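Asker: Each protein sequence line maps, in turn, to chains A and B.
Quick note: the first sequence uses our numbering, first residue 1, plus one each step.
Quick note: the second sequence uses our numbering, first residue 1, plus one each step.
Each hint should be verified, as a subset may be incorrect.
[What the hints assert, rightly or not] Going by beta-carbon spacing under 7 Å, a handful of chain B positions derived as facing chain A:
#, residue
1, Arg-31
2, Pro-36
3, Glu-125
4, Tyr-128
5, Leu-132
6, Arg-155
7, Val-168
8, His-173
9, Val-174
10, Phe-175
11, Leu-176
12, Asn-177
13, Thr-184
14, Val-192
15, Leu-194
[Claimed, not checked] In silico lysine to any residue, SDA-like type, Cα no more than 20 Å apart, as pairs:
#, chain 1, residue 1, chain 2, residue 2
16, B, Lys-166, A, Ala-7
17, B, Lys-22, A, Thr-126
18, B, Lys-22, A, Thr-133
19, A, Lys-12, A, Phe-41
[To be verified] Using C-beta positions, here's what the derived DEER-type ranges look like:
#, chain 1, residue 1, chain 2, residue 2, range
20, A, Val-90, B, Pro-12, 18 to 28 Å
21, B, Gly-127, A, Gln-111, 38 to 48 Å
22, A, Gln-111, B, Ala-203, 14 to 24 Å
23, A, Ala-140, B, Gln-153, 38 to 48 Å
24, A, Pro-6, B, Pro-129, 46 to 56 Å
25, B, Arg-26, A, Glu-71, 41 to 51 Å
26, A, Gly-9, B, Gly-148, 32 to 42 Å
It should be emphasised that the hints constitute simulated quantities derived from the structure, not laboratory data.
These numbers were taken from a predicted model, which means no experiment stands behind them.
Virtual Cβ for every residue (Gly too), placed ideally from N, Cα, C.
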Amino acid sequence: MQSSLPATGTAKLLAALSPFVPDEYINRLLPGNRRQGRRNFFSAAQLWRVHLLVLLSPAHSFNAVVRLLPEQRDWRRFARLNHRQRTPDVRMLCEFRTVAGVAALRRINEQLVRRLLRFLPAGGQTVAIIDATDLPAATADKKKTVAGGPPSGPPSERVRSSPGTHGSTWVIKSTRCVCGCAVTSGRCF
Amino acid sequence: MLLIPLVSWAAPGHVPEGYLLKPSLRQCQQRLGWRPDIVIGDLGYIHQQTKREIRQEWKVAVVTKLKSDMKIMEPFDAWDQMSCQQGQRLQWLGYAEADSLHWFGVPAGESLCRSCWQASTCPKEFGYPPELSETLLGLLPLNTSTAGRLLNQMRSWVEPCQSFEKNVLGLNHVFLNSLRLTWTMSLLTDAVGLLRALALMNAPQKSLLLQELMPTQMNWSWENPEKPGK
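Just chain B, with the same shape it has in the complex (with noise of 0.2 Å):
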């Protein structure tokens, strides 16, 4: 896993930060001619209509927690839960991108379906379109679990990033005295990171010989097969 600067603003700190998500999805759209499938940010990138606008016309997934004094509207109930009216809990199945649904069904295993009154006639699978919630659904839906390994485990690994840039490139040290020196040395600090990507992809690898016991960093990888649709 390789953490990289795509792109970086100074602003004074009035500014709220949810005001730079869309610009730089423009800025990599329009200067590299590249997007990032999905997008992860905090309580501060949680604005719905954004998020709208980022899907309908980039198809980027934003994915944000969920405010904890913001409603949970049915079918969900909880953040991370949704069941059906009877109550059966339901999982992801994935997105139709050509009638725009989300598909829900029940997990194999044991289900309350087989007692249910209404199994009968029950379609055992329910769509919903993203813009019933952006923040529950979106283009990926929260209560999957590549969503919460995203928000658990991947978010934090922009403060290493951070604290790198301003303690041991020393940015925290420079006399900043006006906000255009800073953002001068914010593109500066940007492009040590990347010549430091650089010379990592291009290093030659060496073997060890006890390779096999020695700690390493835990790999990522997409568990279950959920992506969002693209």
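So here's chain A without its partners, still in its complex pose (with noise of 0.2 Å):
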């Protein structure tokens, strides 16, 4: 028996997952908020995912995203995006992330869970395996460069900022923390 999927990055595997994203259960999760006055042009489902589309694609950013989606035809019938120009801007997916939060997010992943843990075999023994790994910050940005060329006023000793207090970087450093599930089933090898 042979089982895989197209590899990631390629327009077959958005047409494969396509089918098992939880659209309704999406939208009815967060349903538009138009106290605001402003028309939602986009569902909930749909701006979800345009963000899947960030790790989907070859675009791994919101801002790559965004710029591509007119040109990509497959990127636009994952996110079932009929109008070619017509497609959300970073002001939308800022606005859906913050209005999602976490929790949401995690009712939407809690639910395809539900769907995976049907399969496990009945009296079946299940095992968890739990990890942290690390992912890097963005912080090019806060680290202390060297000035380059010749100073321009006279020569001075360096100081410390705060004397008596040892000079320091502050880097995010975010800890990303696993837990998987083995199902012991003949079929899902």
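Since each chain sits alone in its own frame, please combine them into the complex, following the hints.
Answerer: As structure tokens, then:
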């Protein structure tokens, strides 16, 4: 028996994954907010799908996805965006993330996990593996850089910004903790 | 075998990962109404009190290795070996949930019992409570072949999954400038993994004519009838 998926970043993979997105659940979980007077052009499910494109396409940034969406028919088909010119902008994506927050994104994932748990064999043993991994934070603009070229003013001694304390750099380090489940079923390997 | 992301947390680097073990299981129980039977972790999840609470509250076995500087207590000779007072090696027989005892006995075959001066009075089976050592005993003792295979073979499977998310899905290349965005992207990455798993489980499976000749992933099986008490 053979079961494999197309490579990540291809249109075939987008087509293979698209039917499993719980659109109705997402739209129920995040109904549009019309109190501000603005019309919602895109449903929550559409915006969630656009967010997935950041990972499922070679463009690994929101800006790049937004810029390339009008040109990429397969991406628009995955995101259920019918009109070539009517695609969400970066502000809409940012608003969606703010409104959804971590809680709603978690609920969506739990809905997907529930679907997968149905495949568990009755009475079978399940094993979870828990581990943490580091994700690099974008701290390039926080690092101290050596000023180039000769100093224009008179030479001066280097002084500490706060006498008595050692200089330090502040680095945001994010740890990601993964808890996986091994399904011990003959069908799953 | 299929690995899926169950619960993810994004936290600053100074937060010990062991703090997230119990919340992860609580999340599984509360949100999914389900929990795994066994959790495998590295030494970051060795905290005895946490293991005890998880065992007592959810009956979940947390299996970790032993730290090199930790003392081996009687009746263990090494982390993977137990023997009686006269030096006969013992093997795990099972966990009796009714009296909360792990039972160990003499394995079949050659043994020292025939020449032991205490043979006539020896019960030949010895029971130890899990709280004697949550790491060495717990719900799944470390001297069982199942625990050895879980730690040496299965635990390392999580690393390719993390590598896939970071390199293939490009999580390493995303401009993560806040913890909130990191958490969002982590959850979206999990969503991709879950969608892939759903697609795999629902995909029609093709039978190839040369299937028998093709290399396949080794299957996991519980070779010995050793199961944690549940």
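Asker: Now look at each hint and say whether the structure bears it out.
Answerer: The hints, checked one at a time:
1. Arg-31: holds, 5 Å
2. Pro-36: holds, 4 Å
3. Glu-125: violated, 25 Å
4. Tyr-128: Since the shortest Cβ distance to chain A is 23 Å, the answer is violated.
5. Leu-132: violated, 24 Å
6. Arg-155: holds, 6 Å
7. Val-168: holds, 5 Å
8. His-173: holds, 4 Å
9. Val-174: Since the shortest Cβ distance to chain A is 6 Å, the answer is holds.
10. Phe-175: holds, 5 Å
11. Leu-176: holds, 5 Å
12. Asn-177: holds, 4 Å
13. Thr-184: holds, 6 Å
14. Val-192: Cβ of B:Val-192 sits 5 Å from chain A, so the hint holds.
15. Leu-194: Holds, about 4 Å.
16. B:Lys-166 - A:Ala-7: This hinted pair holds, its Cα atoms lying about 15 Å apart.
17. B:Lys-22 - A:Thr-126: The given pair, whose Cα atoms are some 17 Å apart, holds under the 20 Å limit.
18. B:Lys-22 - A:Thr-133: holds, 18 Å
19. A:Lys-12 - A:Phe-41: Violated. A:Lys-12 to A:Phe-41 sits at ~27 Å, over the 20 Å cutoff.
20. A:Val-90 - B:Pro-12: 18 to 28 Å: holds, 26 Å
21. B:Gly-127 - A:Gln-111: 38 to 48 Å: holds, 44 Å
22. A:Gln-111 - B:Ala-203: 14 to 24 Å: Taking Cβ atoms as reference, A:Gln-111 and B:Ala-203 lie about 20 Å apart, which means the hint holds.
23. A:Ala-140 - B:Gln-153: 38 to 48 Å: Since the Cβ atoms of A:Ala-140 and B:Gln-153 sit about 39 Å apart, the hinted range of 38 to 48 Å holds.
24. A:Pro-6 - B:Pro-129: 46 to 56 Å: holds, 52 Å
25. B:Arg-26 - A:Glu-71: 41 to 51 Å: Holds, since B:Arg-26 and A:Glu-71 (Cβ atoms, about 45 Å apart) stay within the stated range.
26. A:Gly-9 - B:Gly-148: 32 to 42 Å: holds, 39 Å
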